[in-house]
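Protein chains in written order, with numbering that gives the first Met the number 0: chain A, 0 to 448; chain B, 0 to 110.
Any given hint might turn out to be false.
[As the list claims (entries may be wrong)] With a cut-off of at most 20 Å between alpha-carbon atoms, the simulated DMTMM-like pairs for lysine to aspartate or glutamate come out as follows:
id, chain 1, residue 1, chain 2, residue 2
1, A, 135, A, 124
2, B, 66, A, 281
3, A, 350, A, 367
4, B, 24, A, 384
5, B, 63, A, 98
6, B, 24, A, 252
7, B, 24, A, 255
8, B, 24, B, 13
9, B, 63, A, 234
10, B, 24, A, 247
11, A, 350, A, 259
12, A, 350, A, 428
These aren't lab readings, by the way, just hints derived from the structure by calculation.
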Amino acid sequence: MLASVALLLILFVANVTLSVRAYVLYERADVSTLDVIGASNSLLIELLNAETGQRGYLLTGKAVYLQPYDAALSAISADQQRLRPRVSAVPGGRQYLAELNSLVAAKMAVLAETIKLARAGDHADALRKVDTGEGKRTMDQARGIIADIQRAATTAGASQRSDLHTQLTIFAVLAAILAVADVRAGLVLRHRLRRAATQIRSLNANLEQQVRQRTIHLERANKNLEAFAYSVAHDLRTPLRGISGFAEALVDDYGDRLDETGREYAGRVQAGCARMSNLIDDLLHLSQVTRATINLQDVDLSAEVTAICAQLRAHDPGRQVRVTVQEGVRATADRTLIRSALGNLLENAWKFTARRDGATIEFATAPDGDAPICCYVRDNGAGFDPAYTGKLFQPFQRLHDTGEFPGTGIGLASVRRIIERHGGRTWAEGAVDGGATIYFTLNTEGTHE
Amino acid sequence: MNDKQIMLIEDNPDDRDLTIRAFRKNNVLNPVTVAGNGAEALTMLFGDENRDQGNPALILLDLKMPKVDGLEVLRRIRADPRTRVVPVLVLTSSKEETAQELWAVSLDLVG
Ligand SMILES: Nc1ncnc2c1ncn2[C@@H]1O[C@H](COP(=O)(O)OP(=O)(O)OP(=O)(O)O)[C@@H](O)[C@H]1O
Ligand SMILES: [Mg+2]
């Protein structure tokens, strides 16, 4: 569509250009005809002038008469020059030109010869030659040819003008049609553009609607999955209770009939049960984090951090840990959930600095372009291999041996879920033996229910 | 005291046996009647032929059972004047939600 409008515009411009050219040619055709008539008339007059000069000289023998003759000579050749290109362009013009030129040449030859005779003093001879009437005949022929040339030029000019006139008319009509077509095409184009814009707008609206529905579906699917995980984890408790209960009964009631190895195996069963029971509890806890209803309120994060650290210190009075807390960090959040997240982060920091003299833990905010608030918990403990940063937040993923640092690996997974439910992000920085920093943002306008 | 009936309402045989074993281990030697599900428990409690045995001294009740679940059994026990005052010990591994429901059933009885 755009292409056809452009084409129409190009045609329109081309048409105007051609029209201007035709008009110039039209004017020029007129001038050219007049030129031919003027030059040929002048040629005729000059021929007569030359003849008159010749006669005067022959009759009087006075050189003064040769002046008009000489002037006529150069004027005649100028007129011939003027005529040549113009008459050549006229149909049959070359023929006329040839005849005219040979006549002029013949005439001039006669004039020149008689003057030569007269100069030699042979006036009588010269006049006799004039009397033959040959000169007059040549003049009459020249007159005839010039009349022919003038007629031909006039006709050619007229027909050229009429052709150009027709062309100009056609161009004018074309221009009018093209102008109308252009305007029409423009209107159609505008209409289509508007329609396309409307369609795009409605498609966009549709897309948004679809995205919204997808999100609702996904959230629902996620909730179902979460509920399923919860009930599976929960149901696993029943058989586990049987296994661990009977293992205990075996050791209690029949321990004396088992040998050392038998008792050890039974003990292993019980230990496995205890571990599995912990895992199930963690899973249920994680799932609760996702399922709990969010209850937003203004929370003093600094105060929460200070309280949690005091608890950690009370549980582990042997440790020397320097804790720095940026004062007055507040956020809109679910108090229970955010407390649990901070608890997990600080427990980790506490735990992974256990083998460090001069352990420090820091809580502060950091600038972040995306979210209203970005905090971090930093320690100078064991750190971790940054190649595995992605794994830290996965459930049950651990980067340290249980023997070295105990845990099941659910803490950071639940931190991430809590932060995500607050519309935030979590990420970690660290290096082996270089401490760790866990960042999180909160954006409660994006809270997920 | 030791001859008083204890009633155990539990559908899982493992839990049943472990519970009885725990009694014995802790010198609770009372006779234990076992109901394998809620419906059976209701028949034993309110069915005519067992009625003359009188009320059990204590009822141990599992909440999660198919068909007639523990809460329903509890509601029926509390609704009937004959069993209203029998102490019931609820066995469950679930938390708050269940506690709230239990609380509601108990309030029903008071009101
Ligand atoms: N502050 C930290 N310094 C070094 N490594 C850390 C730190 N925090 C987490 N990690 C690494 O990330 C892993 C996962 O952390 P997460 O809190 O999820 O589990 P955990 O502390 O091992 O166990 P849990 O929190 O369930 O008791 C840890 O095992 C540890 O390898
Ligand atoms: Mg942890």
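Tested hints:
| no. | hint | verdict |
| --- | --- | --- |
| 1 | A:135 / A:124 | holds, 17 Å |
| 2 | B:66 / A:281 | violated, 30 Å |
| 3 | A:350 / A:367 | violated, 28 Å |
| 4 | B:24 / A:384 | violated, 51 Å |
| 5 | B:63 / A:98 | violated, 132 Å |
| 6 | B:24 / A:252 | holds, 10 Å |
| 7 | B:24 / A:255 | holds, 17 Å |
| 8 | B:24 / B:13 | holds, 16 Å |
| 9 | B:63 / A:234 | holds, 10 Å |
| 10 | B:24 / A:247 | holds, 12 Å |
| 11 | A:350 / A:259 | violated, 36 Å |
| 12 | A:350 / A:428 | holds, 17 Å |
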